[in-house]
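Which chain is which? The protein sequence lines are A and B, in order. 1 is the number of the first residue of the first sequence in my numbering; add one for each residue after it. 1 is the number of the first residue of the second sequence in my numbering; add one for each residue after it.
The hints are simulated quantities; they were obtained by calculation from the structure and are not laboratory data. One should not assume that every hint holds.
[Said to hold, decoys possible] In silico SDA-like links for lysine to any residue, alpha-carbon gap of 25 angstroms or less:
#1 A:K262 / B:D83
#2 A:K106 / B:K51
#3 A:K173 / B:S100
#4 B:K51 / B:R135
#5 A:K279 / A:D249
#6 B:K103 / A:L317
#7 A:K316 / B:D81
#8 A:K117 / B:V138
#9 B:K122 / B:G45
#10 B:K103 / B:D81
#11 B:K377 / B:L323
#12 B:K377 / B:R438
#13 A:K324 / B:P73
#14 B:K124 / A:D286
#15 B:K103 / A:R172
#16 B:K337 / B:P386
#17 B:K122 / A:G102
#18 A:K262 / B:D81
#19 A:K117 / B:L99
#20 A:K83 / A:N111
#21 B:K122 / B:D47
#22 B:K368 / B:T385
#23 A:K173 / B:L99
#24 A:K136 / A:D215
#25 A:K106 / B:G125
#26 B:K368 / B:P345
#27 A:K324 / B:D47
#28 A:K136 / A:E241
#29 A:K271 / B:D155
#30 A:K324 / B:A75
#31 A:K298 / A:D286
#32 A:K75 / B:D47
#33 A:K316 / B:G45
#34 A:K62 / A:E48
#35 A:K316 / B:S56
#36 B:K51 / A:D101
#37 B:K103 / A:T80
#38 B:K311 / B:P386
Bear in mind that the values here come from a model prediction, so they are computed numbers and not experimental data.
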Amino acid sequence: MRYIIVLVLIFITYSLNAEEWEDQSIFSSGSTNQTLRILSSTDTSFFEPILKSYLIDNPATKIEYLVTGTASLDKIFRNTPEKYDLVISSAMDLQLKLVNDGFAIKIQDSNHPSWAKWRKSLFAFTIEPAAIVINKRAFANQKIPQSRQDLIKALRSRSKFFQNKLGTYDVRKSGLGYLFATQDARTSETYWRLMEVMGGLGTQLYCCSGDMIDDLISGKIAVAYNVLSSYAGARKKVSDEIEIILPADFPTTMMRTAMVSKLAPNVENAKNFMLHLLKTQLKPADKNNYTLPPLLLKPGQQTIILEPALMTYLDKLKRQTFIKEWERAIIQ
Amino acid sequence: MTNTIRISGSLRNRLMITLISGSAILGIILFFIVRGYATQIAQDGQDNILKASLSSILDAATIQDGLVEVDFPYASLSMLDTDLDDRVFYAIYQDGILLSGYKGLPAPSSLTGETRTFQTIKYKGTFARVANANRILVGERGRIEISVSVAQTQDDLSRTLNSISKNVAVFGAGFFILVAALSYLATSTTINPLMRLAASIKKRGPKDLSPFEKEIPSEMVPLVSSLNRLMGRLDLSLKQSEDFIAEAAHRVRTPLATVRSYADATLQRVSKSENREALRSMVRAIDEASRAASQLLDHAMITFRTDHLQKEYIDLIDLVQDLALRLSPIAEMKDVKILVNYKNPVEIHGDFILIQNAIRNLIDNALKYSPNEAIIKISVGSEPTPYLKIHDGGPGFPPDDIQNLTLRFTRGKNANGIIGSGLGLTIAKDVANAHNGRLEIFNHKKGGACAILSF
Numbered sequence: 001m002r003y004i005i006v007l008v009l010i011f012i013t014y015s016l017n018a019e020e021w022e023d024q025s026i027f028s029s030g031s032t033n034q035t036l037r038i039l040s041s042t043d044t045s046f047f048e049p050i051l052k053s054y055l056i057d058n059p060a061t062k063i064e065y066l067v068t069g070t071a072s073l074d075k076i077f078r079n080t081p082e083k084y085d086l087v088i089s090s091a092m093d094l095q096l097k098l099v100n101d102g103f104a105i106k107i108q109d110s111n112h113p114s115w116a117k118w119r120k121s122l123f124a125f126t127i128e129p130a131a132i133v134i135n136k137r138a139f140a141n142q143k144i145p146q147s148r149q150d151l152i153k154a155l156r157s158r159s160k161f162f163q164n165k166l167g168t169y170d171v172r173k174s175g176l177g178y179l180f181a182t183q184d185a186r187t188s189e190t191y192w193r194l195m196e197v198m199g200g201l202g203t204q205l206y207c208c209s210g211d212m213i214d215d216l217i218s219g220k221i222a223v224a225y226n227v228l229s230s231y232a233g234a235r236k237k238v239s240d241e242i243e244i245i246l247p248a249d250f251p252t253t254m255m256r257t258a259m260v261s262k263l264a265p266n267v268e269n270a271k272n273f274m275l276h277l278l279k280t281q282l283k284p285a286d287k288n289n290y291t292l293p294p295l296l297l298k299p300g301q302q303t304i305i306l307e308p309a310l311m312t313y314l315d316k317l318k319r320q321t322f323i324k325e326w327e328r329a330i331i332q
Numbered sequence: 001m002t003n004t005i006r007i008s009g010s011l012r013n014r015l016m017i018t019l020i021s022g023s024a025i026l027g028i029i030l031f032f033i034v035r036g037y038a039t040q041i042a043q044d045g046q047d048n049i050l051k052a053s054l055s056s057i058l059d060a061a062t063i064q065d066g067l068v069e070v071d072f073p074y075a076s077l078s079m080l081d082t083d084l085d086d087r088v089f090y091a092i093y094q095d096g097i098l099l100s101g102y103k104g105l106p107a108p109s110s111l112t113g114e115t116r117t118f119q120t121i122k123y124k125g126t127f128a129r130v131a132n133a134n135r136i137l138v139g140e141r142g143r144i145e146i147s148v149s150v151a152q153t154q155d156d157l158s159r160t161l162n163s164i165s166k167n168v169a170v171f172g173a174g175f176f177i178l179v180a181a182l183s184y185l186a187t188s189t190t191i192n193p194l195m196r197l198a199a200s201i202k203k204r205g206p207k208d209l210s211p212f213e214k215e216i217p218s219e220m221v222p223l224v225s226s227l228n229r230l231m232g233r234l235d236l237s238l239k240q241s242e243d244f245i246a247e248a249a250h251r252v253r254t255p256l257a258t259v260r261s262y263a264d265a266t267l268q269r270v271s272k273s274e275n276r277e278a279l280r281s282m283v284r285a286i287d288e289a290s291r292a293a294s295q296l297l298d299h300a301m302i303t304f305r306t307d308h309l310q311k312e313y314i315d316l317i318d319l320v321q322d323l324a325l326r327l328s329p330i331a332e333m334k335d336v337k338i339l340v341n342y343k344n345p346v347e348i349h350g351d352f353i354l355i356q357n358a359i360r361n362l363i364d365n366a367l368k369y370s371p372n373e374a375i376i377k378i379s380v381g382s383e384p385t386p387y388l389k390i391h392d393g394g395p396g397f398p399p400d401d402i403q404n405l406t407l408r409f410t411r412g413k414n415a416n417g418i419i420g421s422g423l424g425l426t427i428a429k430d431v432a433n434a435h436n437g438r439l440e441i442f443n444h445k446k447g448g449a450c451a452i453l454s455f
């Protein structure tokens, strides 16, 4: 790191660019001749350590890291796949459909576990459960709910208190939110009951985990459902206001996935970056850095499976039906 | 008899090539048949899963509030997950219009009634197996045809097929090697009786024309029976010609004797010297003819007897002394002495008539070619094998053609004026051969011809 000066340039969303990025950063170490464009739904701060470590080994590369929501990421990439080298997203279903539709190239890797890849094209590199995150003050002297059932009970018993103080993903806007919701609904009816209860109390809908956590810390909401535990964990180190609960009944666990575009301008470089990413993520996390959770399963832990069935809820008719039902439950 | 034999290929090679190429073709056919079956089975497996997926999607189709809903289960696509992560495509049509899913998949032809079809198509740059089916829903606004296509790429299928192909290829090659080895064995077994026949023909003596009596495979019966017939005919014609010669000689001998006696009688009465000379020449010619006839008879007799030897134990010394005694009148006419030397008694096992004949011919020859007052030495011994050696006092064999003298009707160049037929040595040699013995003729270092008959 001493030898390399990393320049981080941050452009805020409202730039001259046609696309509306949540975040747009350029990482380089001076002399550059190749720009790797990474389209990602992961906040820059989480990815920075990996990007920097890659630049140490590849000083001639400049990385342009573009952040947007999972749903818009899918749309942007489908429209212009030739503009981006790598696509990183937490919406496993959308990613899998991209690969199924032939947008990704195959990468030969020897030691990546088979359950964490699909068609040698889509590679999972984190394990991140969805969590219930609460504001501790709202549960002072109260039993902290450990499962969805507990949460339903807690909400019902203090319905006046929780009025308009709940938050979850707007599944219509967030790809990840939709993935969590459909996987929850697939696993248990409890999901619908919770949604009905939350809908009855009035629930704020969010595009992203970050915003939900912000509102939790500020006390605007008391409970957020299906928040990315990795984001919440990172913020918990800064603020002691929140508590992360991994539902005991069934955890919905997502894997962040990456793929190299078939039309990538810098295929070889992108492949190298992918291999670097996978290698890094198979090692236990470095606690001192705010890095991504590694791709290590705890005993008994299960994730959403990378399989063609992920495309089920992306079906137009199924989506219409699901959203209709979801709206009926949560908006009322 | 060195006729060039024209060779057209080898029976063994022909058989081997036919069998091996046959097994190669069989191996290849086997490969394709098994692979074909495997392909069909693997394809059926994929089709069945596609069919199940299709059914689960079709079954989920309902009409709610006049609108088609297809709330198909997660399992519909989940069951299409394969080891090699094959891509999956599907499309749902309502009355032929795409309702949901992938564009460009072949839509099922709108047939009345429910049908299912399978086909392999090229889709999104790869080969995919597509299953189609349709279903009629009856709603308030009438009949609605829902049709569904489900497609899956064939990566996993081709991997399975490749591994099957590899195994079948190994199996086919093994089959081929096994059959090739068996062909070699079979060919050898088939050819062997033929080789044995050839070897046994080769081993036969020159005069053995008896039929083959060993067991032979049925396929060789025509060959061997024609061979036997040929040999029978040959034997018959040989015998006939021998008989003819013997008969002719016999018929000629009696009149010759008559003519000879008349000639002798006439010689007594004729006084004119030129007439006497002519008669003497006549008598000599008659003698020669009658000797030839009798030797021809001897030879025919020997030829017959060599095939049917009547063996007994013979005292060789007795035999020789007896012969010497019998021939002594002729010897005395030329003042020739016959000396018989021996140390121990010598006994041999053989045909008396033949051996007597052979020895008489040899002594006869010695007498004929010896000058007056010569000595003919005959020694008889048993070391290393029983033998008889005759050494005359004559001029010896002409050295140029000594090897040809034992052939029929061959006479030495120095035989002019001596009565003979050229059969004497032939007879002696045939007798020696018939007794597994041999006749050696050579010129002695100190002059004179030498003949050794050994048994």
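Hint check:
no., hint, verdict
1, A:K262 / B:D83, "holds, 22 angstroms"
2, A:K106 / B:K51, "violated, 29 angstroms"
3, A:K173 / B:S100, "holds, 20 angstroms"
4, B:K51 / B:R135, "holds, 14 angstroms"
5, A:K279 / A:D249, "violated, 33 angstroms"
6, B:K103 / A:L317, "holds, 15 angstroms"
7, A:K316 / B:D81, "holds, 21 angstroms"
8, A:K117 / B:V138, "violated, 43 angstroms"
9, B:K122 / B:G45, "holds, 20 angstroms"
10, B:K103 / B:D81, "holds, 21 angstroms"
11, B:K377 / B:L323, "holds, 14 angstroms"
12, B:K377 / B:R438, "holds, 20 angstroms"
13, A:K324 / B:P73, "holds, 17 angstroms"
14, B:K124 / A:D286, "violated, 42 angstroms"
15, B:K103 / A:R172, "holds, 23 angstroms"
16, B:K337 / B:P386, "holds, 24 angstroms"
17, B:K122 / A:G102, "holds, 14 angstroms"
18, A:K262 / B:D81, "holds, 23 angstroms"
19, A:K117 / B:L99, "violated, 31 angstroms"
20, A:K83 / A:N111, "violated, 29 angstroms"
21, B:K122 / B:D47, "holds, 16 angstroms"
22, B:K368 / B:T385, "violated, 28 angstroms"
23, A:K173 / B:L99, "holds, 22 angstroms"
24, A:K136 / A:D215, "holds, 13 angstroms"
25, A:K106 / B:G125, "holds, 15 angstroms"
26, B:K368 / B:P345, "violated, 28 angstroms"
27, A:K324 / B:D47, "violated, 34 angstroms"
28, A:K136 / A:E241, "holds, 6 angstroms"
29, A:K271 / B:D155, "holds, 23 angstroms"
30, A:K324 / B:A75, "holds, 22 angstroms"
31, A:K298 / A:D286, "holds, 17 angstroms"
32, A:K75 / B:D47, "violated, 33 angstroms"
33, A:K316 / B:G45, "violated, 29 angstroms"
34, A:K62 / A:E48, "holds, 13 angstroms"
35, A:K316 / B:S56, "holds, 17 angstroms"
36, B:K51 / A:D101, "holds, 22 angstroms"
37, B:K103 / A:T80, "holds, 19 angstroms"
38, B:K311 / B:P386, "holds, 16 angstroms"
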